[in-house]
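Chains as they are written, first to last, in my numbering: chain A, 3 to 315; chain B, 7 to 297; chain C, 2 to 260.
Simulated from the structure, these hints should not be mistaken for lab results. Careful: at least some of the hints might be erroneous.
[Claimed, not checked] Subject to a maximum C-alpha distance of 20 Å in a straight line, what follows is the list of computed SDA-like cross-link-like pairs (lysine to any residue): (1) A:Lys293 with C:Asn244; (2) C:Lys153 with C:Asp133; (3) C:Lys153 with A:Asp121; (4) B:Lys269 with A:Arg125; (5) C:Lys110 with A:Tyr101; (6) B:Lys284 with A:Phe92; (7) C:Lys110 with A:Leu186; (8) C:Lys110 with A:Arg277; (9) C:Lys72 with A:Arg277; (10) C:Lys199 with C:Lys72; (11) B:Lys284 with A:Arg96; (12) B:Lys171 with B:Met157; (13) C:Lys147 with C:Arg125; (14) C:Lys153 with A:Leu186; (15) B:Lys269 with A:Asn183; (16) B:Lys123 with B:Ala218; (17) B:Lys284 with A:Tyr101.
[Stated by the list, open to error] Computed from the model, here is a short list of chain A residues facing chain C with C-beta under 10 Å: (18) Gly5; (19) Gly236; (20) Pro239.
[Stated by the list, open to error] Partial chain A-side listing against chain C, Cβ under 10 Å, derived: (21) Arg96; (22) Val115; (23) Asn119; (24) Asp121; (25) Phe163; (26) Arg168; (27) Asp173; (28) Ala176; (29) Gln190; (30) Ala268; (31) Lys293; (32) Ala294.
Here a beta-carbon is modelled for each residue, glycine too, at the ideal position from N, C-alpha and C.
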Amino acid sequence: MIGEYLENLVNLVDAYYLQIFVNIGIAIIMALGLNLVTGVTGQLSLGHAAFMSIGAFTGAILTIKLGMPFSLNLICSGLMAALCGVVIGFPILRLSGDYLAIATLGFAEILKVILLNLDITNRALGLSVPLPHTPIPLPIYVWLTVLLVLAAMVLIQNSRFGRALRAIREDEIAAETMGVNTTLYKIQAFAIGAFTAGLGGCLYAHFIAYINPSDFGFSKSVDILNMVVLGGLGSIPGSVLGATLLTTAPEFLRFMERYRMMVYGALLVFLMIFRPNGLLGGVSIRKLVCKALGIKPGPRKPWHRISTRKAGG
Amino acid sequence: MFWQQLINGIALGSTYALIALGYTMVYGIIQLINFAHGEIYMVGAFAALVLVTVFKMSIFLAMVLAMVVCLLLGVIIEFVAYRPLRRSSRLSALISAIGVSTFLSTLVLLIFGADAKGFPDDVFPVVQMRIGAAEVSSLQLLIIGVSALLMLGLEFIVHHTKIGKAMRATSQDYTTAALMGVNVNLVISFTFALGSALAAAGGVLVGIYFNAVSFNMGLMAGLKAFAAAVLGGIGSIPGAMLGGVVLGVVEVLGVAAGYSSYKDAIAFAILVAVLMIKPTGLLGQKIQKKV
Amino acid sequence: MMPLLTMERVSVRFGGLVAVNQLDLEVRQGEILALIGPNGAGKSTVFNLITGIYRPTEGTIRFRGEIINDKHPHEIAARGISRTFQTIHLFNELPVFENVLIGAHTQGKSGFLGALGGFLPVKRREERALADLARECLALVQLDCKVDELAKNLSYGEQRRLEIARALAVRPRLLLLDEPAAGMNPQEKKELMDLIRKIQVSGITILVVEHDMKFVMGLSDRIAVLDYGAKIAEGLPEEIRSNPAVIEAYLGKGVSGQC
Numbered sequence: 003m004i005g006e007y008l009e010n011l012v013n014l015v016d017a018y019y020l021q022i023f024v025n026i027g028i029a030i031i032m033a034l035g036l037n038l039v040t041g042v043t044g045q046l047s048l049g050h051a052a053f054m055s056i057g058a059f060t061g062a063i064l065t066i067k068l069g070m071p072f073s074l075n076l077i078c079s080g081l082m083a084a085l086c087g088v089v090i091g092f093p094i095l096r097l098s099g100d101y102l103a104i105a106t107l108g109f110a111e112i113l114k115v116i117l118l119n120l121d122i123t124n125r126a127l128g129l130s131v132p133l134p135h136t137p138i139p140l141p142i143y144v145w146l147t148v149l150l151v152l153a154a155m156v157l158i159q160n161s162r163f164g165r166a167l168r169a170i171r172e173d174e175i176a177a178e179t180m181g182v183n184t185t186l187y188k189i190q191a192f193a194i195g196a197f198t199a200g201l202g203g204c205l206y207a208h209f210i211a212y213i214n215p216s217d218f219g220f221s222k223s224v225d226i227l228n229m230v231v232l233g234g235l236g237s238i239p240g241s242v243l244g245a246t247l248l249t250t251a252p253e254f255l256r257f258m259e260r261y262r263m264m265v266y267g268a269l270l271v272f273l274m275i276f277r278p279n280g281l282l283g284g285v286s287i288r289k290l291v292c293k294a295l296g297i298k299p300g301p302r303k304p305w306h307r308i309s310t311r312k313a314g315g
Numbered sequence: 007m008f009w010q011q012l013i014n015g016i017a018l019g020s021t022y023a024l025i026a027l028g029y030t031m032v033y034g035i036i037q038l039i040n041f042a043h044g045e046i047y048m049v050g051a052f053a054a055l056v057l058v059t060v061f062k063m064s065i066f067l068a069m070v071l072a073m074v075v076c077l078l079l080g081v082i083i084e085f086v087a088y089r090p091l092r093r094s095s096r097l098s099a100l101i102s103a104i105g106v107s108t109f110l111s112t113l114v115l116l117i118f119g120a121d122a123k124g125f126p127d128d129v130f131p132v133v134q135m136r137i138g139a140a141e142v143s144s145l146q147l148l149i150i151g152v153s154a155l156l157m158l159g160l161e162f163i164v165h166h167t168k169i170g171k172a173m174r175a176t177s178q179d180y181t182t183a184a185l186m187g188v189n190v191n192l193v194i195s196f197t198f199a200l201g202s203a204l205a206a207a208g209g210v211l212v213g214i215y216f217n218a219v220s221f222n223m224g225l226m227a228g229l230k231a232f233a234a235a236v237l238g239g240i241g242s243i244p245g246a247m248l249g250g251v252v253l254g255v256v257e258v259l260g261v262a263a264g265y266s267s268y269k270d271a272i273a274f275a276i277l278v279a280v281l282m283i284k285p286t287g288l289l290g291q292k293i294q295k296k297v
Numbered sequence: 002m003m004p005l006l007t008m009e010r011v012s013v014r015f016g017g018l019v020a021v022n023q024l025d026l027e028v029r030q031g032e033i034l035a036l037i038g039p040n041g042a043g044k045s046t047v048f049n050l051i052t053g054i055y056r057p058t059e060g061t062i063r064f065r066g067e068i069i070n071d072k073h074p075h076e077i078a079a080r081g082i083s084r085t086f087q088t089i090h091l092f093n094e095l096p097v098f099e100n101v102l103i104g105a106h107t108q109g110k111s112g113f114l115g116a117l118g119g120f121l122p123v124k125r126r127e128e129r130a131l132a133d134l135a136r137e138c139l140a141l142v143q144l145d146c147k148v149d150e151l152a153k154n155l156s157y158g159e160q161r162r163l164e165i166a167r168a169l170a171v172r173p174r175l176l177l178l179d180e181p182a183a184g185m186n187p188q189e190k191k192e193l194m195d196l197i198r199k200i201q202v203s204g205i206t207i208l209v210v211e212h213d214m215k216f217v218m219g220l221s222d223r224i225a226v227l228d229y230g231a232k233i234a235e236g237l238p239e240e241i242r243s244n245p246a247v248i249e250a251y252l253g254k255g256v257s258g259q260c
């Protein structure tokens, strides 16, 4: 059986490292989703963890009540979060800048309070999540999802859709005047961000096996924001790096675990002042690779431009 | 019953108003949501707690000193975390503010631990009084009285002093005020000082009222006060006072009506509703976006 | 022949201020129409009304016969009206080429799902077409050597030209230019005039707001004059030059009395 084979493969890895590995994967999924909303589209969201909680509770309930196959469950959790993203995003995405940030935060807090009061989420006690219904081990699921989300984000960034999102970030009025339906695009970006957060939440719930609405509060949202900002707003490699660094840092810095959040806070201020574009913001990975290989990087040619001359005659 | 809840609401709302004033003044001048403002309020409460329990000061003296401590803290935060970013995007400044907020709450957590602390029982003599059908405690009167006094003081500063005039000029138009010879840096520092001192007073009053001071009290109170500022119309000083009191009353009435487990959601529901229906709030001015 | 754009008795008020008052304006197919007037006469407001950023309080705006009063800016762009801005509104942190590619937004169709299928031949063909269009527009304004530069790093004159290239990538029928010559030296102004004529020859109708009278007189087929939000004169350049109402609006009553 392939499931058994994979299971054995995963069991080869030390449990401690496996856990870190999975946490990194989930963090990357979360960071990539927020990066699309905040980094690419420029809409600061302070409620990303709320969509994670939607995914987590949807996933947990589907497994508990319906015993749904995990891959289907994962998609349903993502869709549920995306639906919430649309419902919340529709009224508030008209707001700009700080007002939007505060509204996302407000909705996230309202959602947390609601989840803390529903019977189906077991109120403040939280839910224990049974093992998912799948032969494939969860760590592999997590990293397959990471790869899919990563691929989707790269494709989005290099498309007409992604350009429209960047245009909104740079100048909303100009974007609208150039024919970009900014409301629609912002809602789509918000929904996609929520969808990925839902995926992350569902994976998280089944991996950690216990979830509580309080786990997905403001500080969780700030954690994710930190990853995106550290890596560089709008940069996909940056989000991956930021998520990886901030997930592994506490493991390396055990001695300073108590100071972790304090360091994070200071880090945000420091980054904004001295490196507002994050570690990888404005850094071209392509140029770095060229440099490493000793090739002189030519003018940037996106792959769709390479054969134009011949086609045009 | 209603009158009782109304008084409870006004007492709670006055503290929201004290915090909301800081948000609204800072926003009026540099269009920044000072996310660390809630933490300043929290630090104010802790400062007074230390002064009362360790140095055995009277609560009034402790409150004044706590206001001084936070006044300095506010000025320092502005200088370190916001001033270098004044020419950056608003997103950068907001993220920096979130950083300060996280930093301060964790710092206090490390020093004082996670448990809520209380003021000594004899810090302020609590006497219940009857006014008609309602009961008022001396503590509630203290809260309402101190808040009213501070707000009157603020009104005086803003409308009848030179620095107040400079503040109003700067909030109208930052660049023009600077060109007209207003020392904008000083005005901004002064605004942070004023707002932080008021927040500290709010923190001390709330600390005595609920007899609980904890490292995470700033987040929720700060967010609610921000909601109050938005409700009243961000940038408007009377708006923040009105918004705070309205929010406090609505919250207390909501709890009395049996929605106590949704207490924290009430403020945010109001916030979101205001943002969607009338983003300029009750007393705010309409802003026409210029292209 | 039906005019390309008509404004009939259009007014817009902001609170108590009447920014545009009962304006009748006609833009004819193929012409260069200049809109002039003293500062604060409401010229940029007219642009914002046509492009849907403001909505008229009363009156109708028709484009090719269709009423576009309540259309959103992006819907108006899709119908073939594009513009430049008085204060430059480029996508500053993006490369020149991408600025223009975003201008070509209305010429493509792929949305989110299209993005996920970005590797499919049909999507690559669409992207190639957009890139060709963008390159064409950049060549026209002579910025094709700066495709990889960030927009914010261009000189002022180049930024103005980039705005024109971006607006052209919308493939407009009507192009609105808001003070295109502002801040340019005589040489640049002359080149800009040639560029605008070239655009006109390619079949695009142009409505231009400009303060430089020499520029306006040398360029436009017709001129309309606004003052306090109302049209006070309209006609050929030589008619406008000698119109007493126009002179009065620009120089004040006393002067016109002496003339």
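These are the hints, each one checked on the structure:
1. A:Lys293 with C:Asn244: violated (66 Å)
2. C:Lys153 with C:Asp133: violated (23 Å)
3. C:Lys153 with A:Asp121: Violated - the C-alpha atoms of Asp121 (chain A) and Lys153 (chain C) are around 54 Å apart, more than 20 Å.
4. B:Lys269 with A:Arg125: holds (15 Å)
5. C:Lys110 with A:Tyr101: violated (32 Å)
6. B:Lys284 with A:Phe92: holds (16 Å)
7. C:Lys110 with A:Leu186: holds (14 Å)
8. C:Lys110 with A:Arg277: violated (37 Å)
9. C:Lys72 with A:Arg277: violated (41 Å)
10. C:Lys199 with C:Lys72: Answer violated: Lys199 (chain C) to Lys72 (chain C) is near 30 Å, above 20 Å.
11. B:Lys284 with A:Arg96: holds (12 Å)
12. B:Lys171 with B:Met157: holds (17 Å)
13. C:Lys147 with C:Arg125: The given pair, whose Cα atoms are some 24 Å apart, is violated under the 20 Å limit.
14. C:Lys153 with A:Leu186: Roughly 27 Å between the alpha carbons, so the hint for Lys153 (chain C) and Leu186 (chain A) is violated.
15. B:Lys269 with A:Asn183: Violated, at roughly 38 Å.
16. B:Lys123 with B:Ala218: holds (5 Å)
17. B:Lys284 with A:Tyr101: Within the cut-off at roughly 12 Å; holds.
18. Gly5: violated (28 Å)
19. Gly236: holds (9 Å)
20. Pro239: It is violated, given that the least Cβ distance between Pro239 (chain A) and chain C is near 17 Å, above 10 Å.
21. Arg96: At about 12 Å, which exceeds the 10 Å cut-off, the nearest Cβ of chain C leaves the hint on Arg96 (chain A) violated.
22. Val115: violated (32 Å)
23. Asn119: Not OK, violated: Asn119 (chain A) not within 10 Å of chain C, min 34 Å.
24. Asp121: This hint is violated: Asp121 (chain A) lies away from chain C, its Cβ roughly 36 Å from the closest one there, beyond 10 Å.
25. Phe163: Because about 4 Å separates Phe163 (chain A) from the closest Cβ in chain C, which is inside the 10 Å limit, the hint holds.
26. Arg168: holds (6 Å)
27. Asp173: This interface hint holds because 5 Å falls under the 10 Å limit.
28. Ala176: holds (4 Å)
29. Gln190: With a minimum Cβ separation of about 5 Å from chain C (threshold 10 Å), the hint on Gln190 (chain A) holds.
30. Ala268: Ala268 (chain A) check fails; min Cβ-Cβ to chain C is 27 Å, beyond 10 Å.
31. Lys293: Since chain C brings no Cβ nearer than about 17 Å to Lys293 (chain A), farther than 10 Å, the hint is violated.
32. Ala294: violated (21 Å)
This entry does not satisfy hints 1, 2, 3, 5, 8, 9, 10, 13, 14, 15, 18, 20, 21, 22, 23, 24, 30, 31 and 32, going by the numbered hints stated previously.
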